[in-house]
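Residue numbers (numbering that gives the first Met the number 0), protein chains in the order written: chain F, 0 to 531; chain H, 0 to 105.
Everything labelled a hint here was simulated from the structure, so no lab data went into it. A few of these clues could be false.
[Said to hold, decoys possible] From the derived model, a few chain H residues whose C-beta atoms are all more than 12 Å from chain F:
#, residue
1, Asn34
2, Trp73
3, Asp91
4, Gly92
5, Ile95
6, Glu105
[Claimed, not checked] Now the stretches of chain F that chain H is said to cover, found in silico as 3 or more residues with beta-carbon under 8 Å:
#, segment
7, 336–342
8, 374–380
9, 429–436
10, 469–475
We treat Cβ as the ideally placed atom computed from N, Cα and C, and that holds for glycine.
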Amino acid sequence: MTEICNLSARDLVAALKKRQISALEILESTLQRIAQVDGRPGTLNPGEQTTEDAQRVHAFITLTSQRARTKAEEVDRKLAAGIDPGPLAGVPFTAKDVFCVSGTPTTAASRILSGFSAPYTATPVARWEAAGAVMIGKVNLDEFTHGSSTESSAFQPSTRNPWDLTRVPGGSSGGSAASVAAGESALSLGTDTAGSIRQPAAFCGVVGFKPTYGRVSRYGMIAFGSSLDCPGPLTRTVTDAALALQAMAGPDSHDATAANLPAGEYLDRLENGVKGMRIGLSPDYFRITFPDPETGGYEQRPVPAEFEDTVRQAAGLLKSMGAEIIEDVPMPNTRYGIPAFFVISRVEAASNLHRYDGVKYGYRTDQPVQDLREMYRKTRAAGFGLQPKLRILMGMYVSAAQYSAQYYQQALRVRTMIRRDFEQAFDPAGKYRLQALLTPTTPTTAFPIGAVYGNSVLMQYADQLTVPANHAGIPGISIPAGFAQDGLPIGIQFLGPDFSEAALLQISRAYEIATEQEGWRQKIPQAVQQNP
Amino acid sequence: MTEQIDRDAFNHLVSLAAFELDEEQARYLQREMNNQLNVIDELVAIPLEGNVPPASHGVPYPPEVSATPREDKWIPFDHPEDILAQVPQFEDGYIIVPDIPHQTLE
Chain F
0 MTEICNLSAR DLVAALKKRQ ISALEILEST LQRIAQVDGR PGTLNPGEQT
50 TEDAQRVHAF ITLTSQRART KAEEVDRKLA AGIDPGPLAG VPFTAKDVFC
100 VSGTPTTAAS RILSGFSAPY TATPVARWEA AGAVMIGKVN LDEFTHGSST
150 ESSAFQPSTR NPWDLTRVPG GSSGGSAASV AAGESALSLG TDTAGSIRQP
200 AAFCGVVGFK PTYGRVSRYG MIAFGSSLDC PGPLTRTVTD AALALQAMAG
250 PDSHDATAAN LPAGEYLDRL ENGVKGMRIG LSPDYFRITF PDPETGGYEQ
300 RPVPAEFEDT VRQAAGLLKS MGAEIIEDVP MPNTRYGIPA FFVISRVEAA
350 SNLHRYDGVK YGYRTDQPVQ DLREMYRKTR AAGFGLQPKL RILMGMYVSA
400 AQYSAQYYQQ ALRVRTMIRR DFEQAFDPAG KYRLQALLTP TTPTTAFPIG
450 AVYGNSVLMQ YADQLTVPAN HAGIPGISIP AGFAQDGLPI GIQFLGPDFS
500 EAALLQISRA YEIATEQEGW RQKIPQAVQQ NP
Chain H
0 MTEQIDRDAF NHLVSLAAFE LDEEQARYLQ REMNNQLNVI DELVAIPLEG
50 NVPPASHGVP YPPEVSATPR EDKWIPFDHP EDILAQVPQF EDGYIIVPDI
100 PHQTLE
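Make a model of the complete structure from these sequences and hints.
In structure tokens:
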């Protein structure tokens, strides 16, 4: 029989409401799985990594079991009293540790926030909890979300990929993706600035949904690039992504960039299929542009054949269900996504990270200092890891008065060009009239731990196929589409026009239904198999 | 590959950012910055027509979707003590910091 912790959020809620299981039973099963696979949580003083560490997932920084028990009891009490406990009642979730949750440590995986206990709760977390969901912990990430592998966390051991424990889970929402893949939670709340939900979802074989910018409030979320950051769900099924988004989307008086639009009805049309929908394929998403570290020049390469094949097979399935597949949609500015991101995100990061100074919260140096400036320097030197330092310095350089026109203003104009590619593809009166563009999520499967880390340019190129959606603000979803030759998951991505979340979920669900019986859907992650 | 950010420019940025770096960190950061700058230079070479406006956000915010301004009303936070509890050094209602550098104007 299926263990409770492997059930989807939808099935958990259904079983709970029929009184077949209790919220406490769900929680116990989940905590048992965590004890079985996760190993020790990430800490600032980890010491030597052990052989045992190498066999565990390490998704968590902080486990909030007591808080979870209180919430689960509340759900059970409501059920017993005949009160509706909410659409996510009893569903265990993890939150990337950039979301403030009242009374819990919130670290952004950085030493500079050590000792910080959030005095308030982020809107997406508050809404999931109001819907009855039960937060079981805060999970690891790249420090301040600055990376694509979770390796740059100041809290070690960093997260490992549940499908192959020698590989990274992706990032920056690596703890989120790994915790969902390993059955340590049904849902996770992540953030996506260049692909930080979709890329780890693809690497870990789960669903990752970056909604439209402004669809979900950013209140209470620690910022990286404020014009790019989007909170969104990671789940094991498309239906769960719809449920999770439903519970957290919508206007918020605490965030002026949260769109003043009510949440859509993401479940109503979920299983209506794709008949008559126009779905595009673009040659610009079947090749990647790579900087050559030797020459400083650029090389274009096709994505590996099995990635293009997987996308084309998905297109074939959707076509057989009545979708119209439109080939050769030009997206010529895709290749500029990373260079433009290198500028825009760094300027925004530098601005956002100046506030960490050891005065009002978090870490302050304990070394003797002469004056305030020396306190700032010593605090920031010891508090920030290399990746935030790199982003701050770079952001200051490219936004300096003498370079701003050349770099920052130019990057913002390139951003307009990237946006125009999507507007032309999705224009209902245009040549292509797409409901969605279908692409690979990543150009590779999860890479080995240590293989890319340190090379900040190569690491950024892991986001090449996801970052255009952040520039354009449009929604994008990555869903599992099988496994590559190397045994690791492959993800496919659907991108759609602003606020087309319902359509993207509907297409994704159609693909999920069409592949429900395939053998790869029965595979069990290595972390679960090897840690009985 | 050119080294556009030399050590003097780098050190100036480090001081503006209020960091102190050891030599190993400095070498890594300066190298990575120059590598990133080589990528960014691809942008500079893109020919843009004169009428391409900058986009500070991808999604346009027409009035019907924009958040309405909040009423200009003071709403006290429920637990100010939870905010003050975060301060590394707090005494008698004051946030304590080391001496603030100053110079006396003549």
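Quick rundown of the hints versus the structure:
With a least CB separation of 5 Å from chain F, Asn34/H falls inside the 12 Å interface cut-off, contrary to its annotation. Against chain F, the non-interface label of Trp73/H holds: every CB pair exceeds 12 Å, the least being about 15 Å. With a least beta-carbon separation of about 17 Å from chain F, Asp91/H lies farther than 12 Å from that chain, consistent with its non-interface assignment. With 12 Å as the threshold on Cβ separation, the claim that Gly92/H sits away from chain F holds: the shortest Cβ distance comes to roughly 14 Å.
Separation of Ile95/H from chain F is inadequate, the least Cβ-Cβ distance of about 9 Å not exceeding the 12 Å criterion. With 12 Å as the threshold on Cβ separation, the claim that Glu105/H sits away from chain F holds: the shortest Cβ distance comes to roughly 21 Å. Closer than 8 Å: that is the beta-carbon criterion, and the segment 336–342 of chain F has 5 residues meeting it against chain H, so the requirement of 3 holds. Residues of the segment 374–380 of chain F with a Cβ under 8 Å from some Cβ of chain H number 6, which satisfies the need for three, so the listed coverage holds.
Coverage of a stretch by a chain is defined here by at least three residues with a beta carbon nearer than 8 Å to that chain's beta carbons; for the segment 429–436 of chain F and chain H the count is 0, and the condition is violated. Residues of the segment 469–475 of chain F lying with their CB closer than 8 Å to a CB of chain H number 5, which satisfies the three-residue condition for coverage.
Checked against the numbered hints above, the structure violates hints 1, 5 and 9; every other hint is satisfied.
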